[in-house]
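*Asks:* Chain by chain, the residues:
2 protein chains.
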Amino acid sequence: MPDLSSPTGPPGSDADRTARVALTRLAEPGNRAVWSLVQEHGAPATLDLLISGDVRDSSLRASVLAKMAGFDPFRSAEATLQRAQRLGARIVVPADDEWPTRVDTLAALELDTEGRINWDIRPPLCLWVRGGWPVGETLDRSVAVVGARAATNYGIHVTTELAFGLTENGWTVVSGGAFGIDAAAHRAALSAGGRTVAVLACGVDRPYPTGNSSMFERIADTGLLISEWPPGAEPLRHRFLIRNRVIAAATVGTVVTEAAARSGAMQTMSRVLALRRVAMVMPGAVTSAMSVGCHEILRSNPEATLVTGLPHVLEAVGRVGEYFADRPRGPERPRDALDEESALVMEALPTRGTVSPEELAARSGLPLRTVLRRLSLLELAGLVERREGGVALPARPRAAE
Amino acid sequence: MPDLSSPTGPPGSDADRTARVALTRLAEPGNRAVWSLVQEHGAPATLDLLISGDVRDSSLRASVLAKMAGFDPFRSAEATLQRAQRLGARIVVPADDEWPTRVDTLAALELDTEGRINWDIRPPLCLWVRGGWPVGETLDRSVAVVGARAATNYGIHVTTELAFGLTENGWTVVSGGAFGIDAAAHRAALSAGGRTVAVLACGVDRPYPTGNSSMFERIADTGLLISEWPPGAEPLRHRFLIRNRVIAAATVGTVVTEAAARSGAMQTMSRVLALRRVAMVMPGAVTSAMSVGCHEILRSNPEATLVTGLPHVLEAVGRVGEYFADRPRGPERPRDALDEESALVMEALPTRGTVSPEELAARSGLPLRTVLRRLSLLELAGLVERREGGVALPARPRAAE
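So the sequences go chain by chain: D and A. Anchor point for the first sequence: position 98 equals 97 in numbering that gives the first Met the number 0, and the numbering is continuous, going up by one each time. Anchor point for the second sequence: position 224 equals 223 in numbering that gives the first Met the number 0, and the numbering is continuous, going up by one each time.
No lab work stands behind these hints: they were computed from the structure. Just so you know, not all the hints are guaranteed correct.
Said to hold, decoys possible - Stretches of chain A that chain D covers, calculated by requiring three or more beta carbons in the stretch to come under 8 angstroms of a beta carbon on chain D:
#1 22-35
#2 65-76
#3 149-158
#4 227-238
#5 273-285
#6 300-306
#7 367-377
Predicted, not measured: the structure shown is a model, and the values here were computed from it. C-beta atoms are modelled at their ideal positions from N, C-alpha and C, and glycine is treated no differently.
When you get a sec, could you build the whole thing from the sequences and use the hints?
*Replies:* Written out as structure tokens, the structure reads:
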């Protein structure tokens, strides 16, 4: 066996960067055992341990050995780094100022998914980035807007409105770059002239799906393309599930605007909830298959918040007191501020014609004396008029009830 | 002052019935003070107390005196009872076998409506009924389906589906007889050949709105028209709010299918929640004004349940274990039952073409030995095939992901 031991160096050094890239080649991002070793020994030493087979976890040991057949991870990582530089992509590691520290909360995550696939999820070891903005600052005030690929016109409409409004309010819109809801979210943010971030499950040099290529180029120019996988990496199916944890962790909250039953968006939302981020769901017609997943999230997760638009989302993700969504109101009516007795009198007034105070007392169940006292005040407020020996609602047109 | 003292008798006697009808003329149904007096002294004695002015509650005393001007409540009640008999309406009192005892839980209700109008709500003193069925038995398994008068096509559609299905499952559909959602619920129950109950805010002889007259006649023929107000009573605006408490209390649960902001349906739902009945809400498009109230109920009341159709409603109102709603599912896939390692292998298989076990190990992050073991089992299960020196997904067409 050739000598594969690799250079060493502190976090943020070239050796640290190269080792993290190499580790991503030896185990999928989020691998619990690898992440724990890096926490304990640093990335270069962990790479050496894996290469030498000196790890307790027999499953990890066997997996790494299988991947190492005829392949030098450290040299390969160096080559990838050089190639990435030519492509305009950079590597960001936890020691960098621009590291989005929010993703490190994945370290605390324990998932119990009722016997379903329980991916080992831990924070990313590194992120590949295309785009000029610092990652951490860009994600500091960010909201993920995700959902179905087979979105309906309704889903596209509400997603566009929401993402545009978030951008106008200075929030970064994060999504996964897919067709449908994801693309609508990115495009609305682009058209509002803001930063949007696509978190990919493949190399940032070949964003998937290729049908969205021109959109990805615009995102790289004005926002960020981010991936845990090195340039050239394929969008393998399981990588979307691994990627989803980063969308959930890197943002203040996630909104699902449309989702079919058992969709990827539901899996993302389970991460959002486990991380205690703000989980938001837009409802839709119960007759729409693309809202079934949304309604199921709301039914099964009391912590998930139903939102109907931008005000609700801002209220949920803003700092305390930063935003308040108005409660939906019917037409504004002065009588809404009335005390109980006055309201009873108003309710007892006929829509047309006049009525005597005695009749008002009978209808409202209030003493005549009370009715007379209230009528004086209501008349001063312009809410009733005295006409033809009785009282009546004012003659001017009123809003329909 | 003439002698107005009235005959006396035990609960259920003619004197009891007549006194309850008379009390409804002197104070609106649900009046807390009157109901408490009836509980303590019985209806005939309470009527005497009110007529003689011998009550502590000064507001009630003044109100009753105002209403008594030139009017003998007991004689008037006797005349109403005789007239009702000619109209085919009967009076039902708590002593009767057919009394719907569930409404008596209103006695325990304490409302805190944040300073808004806080109606004195207590159980009905009596109910006027048209229709052949015993009231209590008819309401025993009942669900209220209520909502906006200005319903949309969507609201009418989902209400019709729900009410039809409830009726087919042996449930009585209760509503308020209004245009829009209420009428759709009644009509669907009628067309399913079941019993439906309209709880009115006016006399059962002149159900409101008159535009629904033929529907009310069909309900009287095959179901029940119910009201707390005597024949001839007008549908005054505030009576709808008083009536709503009976809809909430008499049923196992209430579904709001469409509601505008600050609608009557929202007020009904506040009673449903206060009574700890099952509060159910259908969501809709966030772009629909007629779903704003529905979404607001769900946002402000964690106890309210989002329902998307009959299965959810049956699950919520049925006896424990009587119904189970299926969770929404995507296309059925055998792989859903797989253990975690097998699922990882399946996820790592390419959609087309073959792959070597070594490559599968690399992609899945699993040891080669594990991959080989899992592949044997997956081949036996027909989930993978060996082809051209590698493994592949079976050649037969598969459902789209």
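*Asks:* Determine for every hint whether it applies to the structure shown.
*Replies:* Here is what the structure says about each hint:
1. 22-35: holds (count 3)
2. 65-76: Holds, because 3 residues of the segment 65-76 of chain A bring their Cβ atoms closer than 8 angstroms to Cβ atoms of chain D.
3. 149-158: Answer holds; 3 residues pass the 8 angstroms Cβ test.
4. 227-238: Coverage by chain D holds for the segment 227-238 of chain A (3 residues, Cβ < 8 angstroms).
5. 273-285: holds (count 5)
6. 300-306: Holds: 3 residues of the segment 300-306 of chain A have a Cβ under 8 angstroms from chain D.
7. 367-377: This one holds; 3 residues, not fewer than the three required, reach chain D with a Cβ under 8 angstroms.
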